[in-house]
Structures are given as structure tokens and as C-alpha cells.
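These protein sequence lines map, in sequence, to chains X and Z.
For the first sequence, the numbering used here assigns the number 1 to the initial residue and increments by one for each residue that follows.
For the second sequence, the numbering used here assigns the number 199 to the initial residue and increments by one for each residue that follows.
These aren't lab readings, by the way, just hints derived from the structure by calculation.
Mixed in with the good hints there might be a few duds.
Claimed, not checked - For lysine to any residue, the following SDA-like pairs were computed, each having C-alpha atoms within a straight-line distance of at most 20 Å:
id: 1; chain 1: X; residue 1: 180; chain 2: Z; residue 2: 203
id: 2; chain 1: X; residue 1: 180; chain 2: Z; residue 2: 204
id: 3; chain 1: X; residue 1: 180; chain 2: Z; residue 2: 245
id: 4; chain 1: Z; residue 1: 301; chain 2: Z; residue 2: 833
id: 5; chain 1: X; residue 1: 180; chain 2: Z; residue 2: 241
id: 6; chain 1: X; residue 1: 180; chain 2: Z; residue 2: 226
id: 7; chain 1: X; residue 1: 180; chain 2: Z; residue 2: 215
id: 8; chain 1: Z; residue 1: 699; chain 2: Z; residue 2: 674
id: 9; chain 1: X; residue 1: 180; chain 2: Z; residue 2: 208
id: 10; chain 1: X; residue 1: 180; chain 2: Z; residue 2: 214
id: 11; chain 1: X; residue 1: 142; chain 2: Z; residue 2: 205
id: 12; chain 1: X; residue 1: 180; chain 2: Z; residue 2: 222
id: 13; chain 1: Z; residue 1: 785; chain 2: Z; residue 2: 743
id: 14; chain 1: Z; residue 1: 897; chain 2: Z; residue 2: 1118
id: 15; chain 1: X; residue 1: 142; chain 2: Z; residue 2: 208
id: 16; chain 1: Z; residue 1: 785; chain 2: Z; residue 2: 823
id: 17; chain 1: X; residue 1: 180; chain 2: Z; residue 2: 238
id: 18; chain 1: Z; residue 1: 785; chain 2: Z; residue 2: 749
id: 19; chain 1: Z; residue 1: 897; chain 2: Z; residue 2: 882
id: 20; chain 1: X; residue 1: 180; chain 2: X; residue 2: 143
id: 21; chain 1: Z; residue 1: 699; chain 2: Z; residue 2: 659
id: 22; chain 1: Z; residue 1: 301; chain 2: X; residue 2: 15
id: 23; chain 1: Z; residue 1: 785; chain 2: Z; residue 2: 821
id: 24; chain 1: Z; residue 1: 651; chain 2: Z; residue 2: 675
id: 25; chain 1: Z; residue 1: 897; chain 2: Z; residue 2: 922
id: 26; chain 1: X; residue 1: 180; chain 2: Z; residue 2: 213
id: 27; chain 1: X; residue 1: 180; chain 2: Z; residue 2: 237
id: 28; chain 1: X; residue 1: 142; chain 2: Z; residue 2: 199
id: 29; chain 1: X; residue 1: 142; chain 2: Z; residue 2: 204
id: 30; chain 1: Z; residue 1: 782; chain 2: Z; residue 2: 744
id: 31; chain 1: X; residue 1: 142; chain 2: Z; residue 2: 201
id: 32; chain 1: X; residue 1: 180; chain 2: Z; residue 2: 212
id: 33; chain 1: X; residue 1: 142; chain 2: Z; residue 2: 203
id: 34; chain 1: Z; residue 1: 301; chain 2: Z; residue 2: 280
id: 35; chain 1: X; residue 1: 180; chain 2: Z; residue 2: 218
id: 36; chain 1: Z; residue 1: 301; chain 2: Z; residue 2: 964
id: 37; chain 1: Z; residue 1: 301; chain 2: Z; residue 2: 955
id: 38; chain 1: X; residue 1: 142; chain 2: Z; residue 2: 200
id: 39; chain 1: X; residue 1: 180; chain 2: Z; residue 2: 205
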Amino acid sequence: MASSRRPERAIEVTQLLHAWRGGDHAAFEQLVEAVYAELHRIARRCMAGERAGHTLQPTALVNEAYMRLVGTQDVQWQNRQHFLSMAARQMRRVLVDIARAKRFQKRGGDAVHITFDHDLPAVPEPGRDLVALDEALEVLAKVDERKAQVVEMRFFGGLSVEESAQVLDVSVDTVMRDWKMAKAWLLRELRGPAAGNP
Amino acid sequence: MTPDQWTLVERLYHEASSVPPLDREAWLARASGGDDLVRREVESLLAQNASIPNALDAGAFATTGHARVENLTGRHLGGYTLLELIGEGGMGQVYRARDNNLKRDVALKVLPASFSSDPSRLARFQREAEVLASLNHPNIAQIYGVAREAGRTALAMEFVEGQTLADRIARGRLPVDEALSIAAQIADALSAAHERGIVHRDLKPANIQLRDDSVAKVLDFGIAKAVHPRSTGADVDAVTGTILTETGLVIGTTAYMSPEQARGTPVDQRTDIWAFGCVLYEMLTGQRAFRAEDPAGTLARVLEGDVDMKALPSRVPPPVRRTIELCLRKDSRRRLHDMGDVRLALEGELAAPDQPRPWWPMLSPAAATLVLAALLAVAYVAFQMRPAQSSPVAPPAVSRLSISTPATAPLASVGGLDLAIAPDGRRIAYLAQIPGSERVQLYVRELDGLDAKPLAGTEAQGSGGPGNMNPFFSADGKSVGLFVPDRGVISVPIEGGPPVKILDPPVPAFIGASWQADDTLIYSSGFRLERVSAAGGGTPAPLMPTTEGRFVASPVPLPGGRAVLFHIFGGDTNRIAVLNLETKLEKTLVDGASNMFYLDTGHLAFARGDTLMAVPFNLSELAVTGDPVSLVQGIRHPAGGAADFVISGNGTLAYVPASEATEATYAVVWVDRRGKMIERAVPDLVVNGRDPRLSPDGKHLLLVTGLLADGDLWNYDLGGRPPLPLARANAASPVWDPAGRDVAFTIGTNSQVLTRPADGAVRAPQTLSVSGLPQAWSATGDLLVQWPMGNPDILAISTHGPGEARKIVASEYGEFHAALSPSGRWLAYVSNRTGQNEIWVQGYPSGPPARVSSDGGDEPLWSADGRELFYRRGQAMMVVAVRNSGNDFSFTLPQQLFSGPFAPSTGEVNRSYDVSRDGRFLMLLPADPKSARSTASIIVVQNFIEELKRRVRPAAASGPRGSAP
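With the sequences and hints as input, model every part of the structure.
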């Protein structure tokens, strides 16, 4: 049964997390690989066979990856936080890779739309895909790396403001300010400067 | 934009929020100091109105929005992780949950919240649960104990896979044989419980679980009473027919209620006998013994109506009919009184199915018992000797042999299938390490030969590449094929000759192959099955379209060439399917299964986890025709890999048993102060033994064994009784409480600290609010713990109640191996603050530290009188004499007591010795390496097919489906 595999894997991942927190870079690389693979699997599975235009919720996927790799929601909070901060980057890679692949796919019919969310005010059409967000984030990182990291953690990793603050070792206030400004910056980039609200 | 400009943009953007919107433009023009770039940047950002939640916030919101309030899946409750909601009823929710301590799945019945708020009810429930937990019988789902956390109370009990009898009956009435086999097991269960004075009170098909291997288990024994002690169950819900208590909870079902229960009068074991009669009747007829349009009508039938005996199929033997009648007598005084009588009545059927009817109930009960006991003995023998199939020839004997691989060339585990068997079952091939290298190679072993021979040309790096090596035999058994990274898929003649290249590299994935009699190979290239000539040089022909998002593996062509079995996995998928080569349609055969083989007897063998199972299979219908039965457990099945077993066409099984790699084996010995061995402390040799901890009274020894990442905790009785397992898997660092009753230890990947009774008593372990490795437990109730990993500190927590962990010794360096002096006033520990591990002592809970060792030291430990402090330095045992009065602590220079070939100090995590009250040292002595058992072997079961035929019956042969006139 699939579930019989999890304990060993959970031990391994937890050990890697420990080692990484202890400064082991090789462990980090291994972890990145495992997390990317797992996220990719989950994302593909979510997309395969389900209704067209299925909405992927990145944070839900990261949490599922965490559950699958670590197996419980209750390990040391430091582990979870480190995991999420690292998984955020991998989630970004996965989603952007998939979006990019879809973009180049000739058959438009089965393209999967990855939207940011359903109920909330949507980003206008031109900036609607993740590839554009990814590219905008790249630019933001050059201007202000920490703000780009905040976006990565909050949007792709589902970290709370508090968790992000702990990972980045800055105050909660700083994260809130970064988040607010980064959103404004990204929205402007994605909408184009002319599309701002009056 | 320069960094300075950006900094200004950021400041102005945030400051702008305190400026009234109408004033902003003027303010910004001023504040930007004439820098147009900055002004425009701030303006365009402010225009975005980022305070309103937008799409970017969705990521952060998504995880919190959808949680269902009531489902506790993923949460923890007293040492259990709730995995899946498997049932909901009046007595709460039932989850499949993981026992984090013992690493097993349990069924966890979480009681309603209202329940937990009533202390007297809780106390009663606890008492009842303890009684129920003492009930231990193979046909009763074991109660493990009560778990409580954060205002929730739950009952942990054995998790039984399979279906309920109610589900089974829903598909139609049971064949008589099957019904009687289940009835006998229920009778055994009730009998065992009644002997202990426990009445079930709510026996019904939904409370009987049937496992795949035909074992029946009765669930929820006595739980109705444990939850609702005073209830007699008179209040009936008119809609559902369930019995309600004052709080509206279900405790029984009218259809199975005895008349005395229905009247609300006190009940005893005869109530269960009534329900047993109802269940037996229902199994045989497919309908309830008492039923009506509504619950009130059902109750009326229970109280007044007669059961319709004519509904019983005519094939039901007379004694069984009689048993039902005697169980269902309205007047409990005239009902069978005792499950023993019921059981005998039923078993009598086995002896003499054609017995004329009313002879035995006329005997006195005692005489009947004697007669039936004698009949039973005969029946039992007759039953056991019943041939499996009506074959006049004795079946070939099943024989087992084990093949040991030399320690220098251990069996490899490259991920895919690591062994293959020739179609005639006479040869096996397996992957093993090439001595002295990291590489692996195929070895071929004739089962009638003595040695395995390496097969030249099959060498490969151990990792095996993306598709693993997956060896397979040719149809004639003379060659073995496999995937070798860089060389593609090749076949190599066993008797010598050039290898044949079947598929050129690069081969993106190769997940199993079958070599057919027409010398074609059907194999998986990862996403689809393909066929290619085994002679090489051919072009692969796909047998199915590529389906992304899943992998296919291990194709097995079925006789006739019409269809192929294959395994589908990926994501949460793990199932066996069959592909019809004519229609190109595929269909699932068994879910949650892999590694299948078809056997000519009409069976499918497959792996479910580490268990080999088989199920009857109809080749012409391409359909499974019965229920799977487990045959062999404990087969190696690495995570993400294949289960390592193969079955030849003629039914010989070869498999690799799951075994933990042995790393070091120790004897546990007593030595004196000069290191001279006195005697063995326990008779067993222990694998990777560590953390020996003598109990305060010196009669018991805690010991952790097993792989370092996966320790088991044992309580050894030094008087020679077998050791008691206290925790399985991932346990470490046990310490005794000063009274010698409880043990604290760490468990699990998150290093949770638990306590539980050292005698293994059934009681939910208590989780303490700290992570780490327990080091010492003071007489005042402090538990010292080392945490985190890496650069540990020493923390203390009170075991008397909740509270924060206090830092006792914490620095940027590592502090570990804490030992409290017997007086509790002095703390010895190891610190690496000087650049190497040294022993330090300071007052407890605080005081200035003093260094005791001079040239390195680990694992400090006080003598029982507190006058000596021992520690390890490499292989040596060191001692310093200490004197302390009041707040003074003085000590001598260290001296070596002895040095010997004992298990060395294992760094900062484990302790390698202990000292008894009378000053003897308990040491771990590596066992003679020559006596160490050789590494994992292969087990071959010849004529395994006979065993399989005996145990797995096609459904068609298990009894007629209808009743004969």
C-alpha cells in the first residue's frame, strides 16, 4: 500500500531537514530534489484527468507535499517553517515549469489554466499566468531581494507573516510592509503602469 | 534606479498612507525632492491599492479557508496521529490513526466532546476501558487503551482491515460453510468475553469485521456499557431504529435487541446469545431475523413475533436450525445460557451433517456437552484431513530452502526487482554487490547446485539508473536479460556466449519485462507497454497509448497471448490492471497491489506492502473471482521499489525476506572495576545495542536495539524472563523514573518525549511538552533532556504537570550527556566549549561550571553513593573521586579504571554503559564477528503452488450460490 512507504521517507526527509538546519548544504540539495519531485508529482496528478481549467492552489500543494514527505503537521515548528520556506521556491519552479510547458503546447484545447484564485479580484487578463508573475518576481528580486522572498514565501509557500518574519529574521512589521509594497509593485508590473486604479 | 532611490521610494510609499489622499500629490512632489523617477514610482505603486486583498493574497488564504470543522484528520490525540475518518456514529467518530509510539495503525474512537466534560463519566469510562483492554482474543478487536488530549477522549483499538459482515451480507446470503466458519469465530469471541464477565450488548453484523484471510473479529465489545453504564436502552429513535440515550446517542439497534433489552430490564450474556442467533440467521438467509416497516414494528416482532425458519436454505443442517431456535427464545430462561453450549451445538454440525434432528437437546446439558465434545474431536480430525481438492494423487511436497549470500557480496537492492526465476523454477538470478566495490552484478544460482556464479557482462553501478535493472529469464531459461545503464537492455547466455543487445541506450525507463515463448519481449518503457524482438535489432511496437501522470510496470502476458497484466503506479495510484490486447481496453483487477504473477492454477499472486497475496482469477473472463488471501508476510519491499519476490510458471516461489541490516552485534556483560568480565547480563546478543539503563532496583535493564535511525526499546528482566518491548521503531534514550515504575524516552522523527509504564501496562503513553533525548529524571520530578540536535543544550521540564522547558545549560556550544548526582544537587555533562568534549560539573539547577576531565571525556555517570564520577574516554573507563559538602564541590584528577574492547562511546547521542549500585559495570561487548549471521538471504519455496491452491479457493468452488430444492 502506498501508505506503507511513508514512514521511511518521513524519517529521511526529517533527517535531511535537521542536517540542513545544522548547516549541511548537501542535505539542502537533496531536500530540494525530493521536494521538487514530490511537488511536481502532486501538481501533475491534480491536473491529470480533472476538469479543464482546474485551479491549483499552490499553498495547498505545498502543504500536501509536506504531509506526504514529513507525514505529520506537528513536527518541530522550525522544521515546518524551514520546509515551507524552501518548498516555496520549489513550488514556484514547479508551477512556472508547468505553466511554461503549457504555454508552448500547440494544442490549446487541453491547456490547463493556473489562476491565482477564484473568488478574489483577479489580476487582469494580460498578466494572468504564472510565467509573467515569475518574470516579474525576477525583476523585483534584482531591485529588492527580500521583497521577492516575502512573495515567494507568502504566495508560493503559504507561510504566514509571522513565519516569514522568523525565516527572514526580520520583524513582523517589516514583512507586512514588504508584502504590501511587493504586491503593489507586482500588480503594477503585471497590469502595466497604465492600468492602475485612479 | 539606484539603491538610494529605491530606499526613498520605499519610505515614501509607506509614509504616504498617513497623508490624506487629497494632499498626497503636493506632499509627494515635496518629499521626493524633485526626483521625478522616485515620484512616478511611488505614484504608480500607490495607484495599485495593495491594501485590498487581491489575487496574490490567495496563496496565503487558500490553506485556511476549507478546513472542515469536525474532521480531525491530520491532528494528534494523545500519541496518535489521526489519518482518516472511517466511521461516524452516535458514540463519536472513528478514525484510522497512527500510534506514533508503536508505529502501528489503530482504530481510534473519538468520543463526543460533551462526554469529556463530565469527570465522573470519564472515570467510569476509564475503568471500563481497562477491563475491556484485558480482553485478549484472536477474534476480538483488541482495546489498547484510552487516549486523552486537549479535552478530547478517545478509545484506541485494534484496526482490522477488511469489510464488515453487514457489507458482506448486503451482497447476498453467505454459503453455509462460510457462515458457519464465521459463526464459530464469533462464538469463540463471545465465549472468551463471557468467561470474564463481559457482555457485548450490541452484537450485530456491522460490529463484525471480516479480514481478507477469513478471520472474523468482533468489534466494540462492551463499549455501549462503557460509554453509557446505566443505560438499558429503552428509548428508541422512531426513525432510525437505533436506541438512544438521554444524550441522543446510539447504543444499539432494534433489529438485534433481545426482548429483555427491548423491555429495558437488566441484561446478561443471554442478550449476546440472542444477538448471535440473529446474526447467524441473517448470514444464512440474507435477511434480518426480525424486521418490520418501522422500528416500533421491529420491536413488536422482537417481543412477540416468531422468526421465519422456512427462510433458511434447505442445505442448512438441522443442528444449525436448532441452534438458531434455541438462541432466539423470547424467554431468556429457556434460551441457551452459555456460549459453550452454542458453540458445541454448531460444531456438532461438522461431525454429522445428516444427524436426525432432535436428539441432542433432549440430553441434559452436561451429557450433551460430553457427547458433542467427543463428536467435535472426530469432526476436527475429519475436517483437518479433508483433501484440498479431490485428487487421488498426493500433491508434491512443499519445501523451503534458504540461500545465503556471502558477506563480501551481499544482496543488492537497486530499487526495481532484484531477482528473477527461470520458468522451470530451477535457477534463480539475483543482483549482488561485487566484492570490494560499489558495483553490482547478476549472480546465477542453480537450485540443485552449491554456489552462485557471477554472470560476466552484467556489471553496473549500484544505483541502477532511472529504470532499475529488473532482471528476467528467457523463455528457455538459458539466458538472463536486464537493463544496464550505458549498455541498454541486454541478454546474457548463462552457459557462455556473447551478450545480445535488445534495446540500445539510451533507455529512458525500463520497469520490468517478460520474455515470451515466441522470443519477443513485452516490457514497460515507463509510460507505456511495448513489445520488441528479444533477438535484438528490432523496433519497439507500443501496446498502448502513452498516458502521462502514471507509470506502468512489470508486464505479465497471460496464456493465449490475448491480454497482459501490468502494474500502474504514481501519485496515489498503486494497482494491478489487465490490458486486453484485442480490444486495447484496460481494467483494474486489484487495487493497492503490485508485482503480480499469473499461475496456471487460475490464480493471481501479487504483493500488498510486504505481504504476498493471491486471489482466484478467471482467465477467460479476465476477472478476479474471489477474495485475496495473504500467504507470505515480511517480503522485502523497499520504498518506491518492487516487492522482491518471483514465482516460476510451475509455482516455485523465491523471495528476499525483509530484514534489518545487521550492523554490530553485542553481548551485554557485567565487568568489575578492572574490566574483568564477570558474566553475561542477558542471554541474548543484541543488534546495535545502546543506551543500557539499569532500573533503580537493579532488576531490569532498558536497552535500545536495531538500526540507529530506527531503534526498538526493550525492558530486559535480568532474572532471565523474555524482554518486554516498550516501543518499536525510532525509540531512543530511555531513562527510569526514580521509583522505577515509568520510563521516559524519545520517539519518532520529531523526537517527542513520552513516558509510559516500564512493565508495558496498557495505558496510553503520555507525551511531554518537550522534544529531545531524555538524560536524567530527578527525585523531585525534573526530567533533563538534551535538545536540539546539532549543538544541543540541556533543558529541564517538570514531569508533574505542564510547563515550559527551562534551559539548564545552554550556550553556542554543544552540551549533552547530562547526569544528575544521586543527591540531585550536581549536574555532570559534556561540553565541547574548549574545542573538545570534556566533562563538566555544576550545581543543579544552576551554579558555576567546573571542568573535571583533562584530556577529553564523554558519557559521565555518578556512582550510586555519589562519591565517584565515571566517564568514557574512547575505549577507556575513567573515574574521578568527588567530595561535596553544601555548596562545595571538589574532585581528584581522573584515573583510568580499565580499557577494553567494549562498544566505544557513540558520540553525543547514546550512552554505552551503566553502573550497578554495587559498582559493577554493565558493558556492551562486540560479539565474535565470526558468529555474526550472514547477510540477507533468499528463501526458495518449492511447490509453493500447492500451498497456494490449498489456501486460495476460486469462488466457484467455495459453495453453491443458491439453495437446492
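Do the hints match the structure? See the list:
| no. | hint | result |
| --- | --- | --- |
| 1 | 180(X) / 203(Z) | 19 Å, holds |
| 2 | 180(X) / 204(Z) | 15 Å, holds |
| 3 | 180(X) / 245(Z) | 13 Å, holds |
| 4 | 301(Z) / 833(Z) | 18 Å, holds |
| 5 | 180(X) / 241(Z) | 15 Å, holds |
| 6 | 180(X) / 226(Z) | 19 Å, holds |
| 7 | 180(X) / 215(Z) | 12 Å, holds |
| 8 | 699(Z) / 674(Z) | 18 Å, holds |
| 9 | 180(X) / 208(Z) | 11 Å, holds |
| 10 | 180(X) / 214(Z) | 13 Å, holds |
| 11 | 142(X) / 205(Z) | 14 Å, holds |
| 12 | 180(X) / 222(Z) | 18 Å, holds |
| 13 | 785(Z) / 743(Z) | 15 Å, holds |
| 14 | 897(Z) / 1118(Z) | 14 Å, holds |
| 15 | 142(X) / 208(Z) | 15 Å, holds |
| 16 | 785(Z) / 823(Z) | 14 Å, holds |
| 17 | 180(X) / 238(Z) | 18 Å, holds |
| 18 | 785(Z) / 749(Z) | 15 Å, holds |
| 19 | 897(Z) / 882(Z) | 16 Å, holds |
| 20 | 180(X) / 143(X) | 16 Å, holds |
| 21 | 699(Z) / 659(Z) | 19 Å, holds |
| 22 | 301(Z) / 15(X) | 18 Å, holds |
| 23 | 785(Z) / 821(Z) | 9 Å, holds |
| 24 | 651(Z) / 675(Z) | 15 Å, holds |
| 25 | 897(Z) / 922(Z) | 13 Å, holds |
| 26 | 180(X) / 213(Z) | 13 Å, holds |
| 27 | 180(X) / 237(Z) | 18 Å, holds |
| 28 | 142(X) / 199(Z) | 11 Å, holds |
| 29 | 142(X) / 204(Z) | 11 Å, holds |
| 30 | 782(Z) / 744(Z) | 13 Å, holds |
| 31 | 142(X) / 201(Z) | 10 Å, holds |
| 32 | 180(X) / 212(Z) | 9 Å, holds |
| 33 | 142(X) / 203(Z) | 14 Å, holds |
| 34 | 301(Z) / 280(Z) | 13 Å, holds |
| 35 | 180(X) / 218(Z) | 19 Å, holds |
| 36 | 301(Z) / 964(Z) | 15 Å, holds |
| 37 | 301(Z) / 955(Z) | 18 Å, holds |
| 38 | 142(X) / 200(Z) | 11 Å, holds |
| 39 | 180(X) / 205(Z) | 15 Å, holds |
The structure fails none of the hints (numbered hints given earlier).
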